[in-house]
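Novice: Working from the sequences, and respecting the hints, build out all of it.
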Amino acid sequence: RSGDQRWLWRTDLQATEPFWRGWFEGMSSAFLGIPRIPKLLLLAGTDRLDTPLTVAHMQGAFQMELVYGTGHYMMEDKPEETAQRVLGFHSKLVKLGRLNATLAKRTGMG
Numbered sequence: 004r005s006g007d008q009r010w011l012w013r014t015d016l017q018a019t020e021p022f023w024r025g026w027f028e029g030m031s032s033a034f035l036g037i038p039r040i041p042k043l044l045l046l047a048g049t050d051r052l053d054t055p056l057t058v059a060h061m062q063g064a065f066q067m068e069l070v071y072g073t074g075h076y077m078m079e080d081k082p083e084e085t086a087q088r089v090l091g092f093h094s095k096l097v098k099l100g101r102l103n104a105t106l107a108k109r110t111g112m113g
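Per the working numbering, residue 4 is the first one in the sequence shown, and the count goes up by one each step.
Don't read these hints as lab results, they were simulated from the structure. Just so you know, these numbers come straight off a predicted model, no measurement behind them. Any given hint could turn out to be false.
Claimed, not checked - In silico SDA-like cross-links for lysine to any residue, where the CA-CA straight-line distance does not exceed 25 Å:
no., residue 1, residue 2
1, K81, W12
2, K108, V89
3, K98, T85
4, K95, H60
5, K42, L11
6, K42, A59
7, K81, L11
What the hints assert, rightly or not - Okay, the calculated beta carbon distance ranges per label pair:
no., residue 1, residue 2, range
8, T14, T105, 13 to 23 Å
9, L11, R101, 15 to 25 Å
10, P41, M112, 14 to 24 Å
11, T14, M61, 35 to 45 Å
Just so it is clear, CB atoms sit at the ideal spot from N, CA and C, and this is done for glycine as well.
Specialist: Below, the structure is given as structure tokens:
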């Protein structure tokens, strides 16, 4: 902080611009390319979805949750809500696993 209690940037963010594209290029493909596991995508808003993510979401490839009022660090901006979304997704998977195990036993496949 400066003497008058204002925050000062110590990094020239503009100097990092040549690297911005590389930070995110291929991220959607990497996420969608993870084979056959349930996926949760937490977002601050839907304006960040590219075409591959939009199509995959419409096809049910992953569950998407929006955490409004957050930025790049939603786990710091809204830690309780972020944790609740992750726990809710996990609970759903646990219930689905129990249901699948029960159905497998009933049909003689488990």
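Novice: Of the hints stated earlier, which fail here?
Specialist: 2, 5, 8, 9
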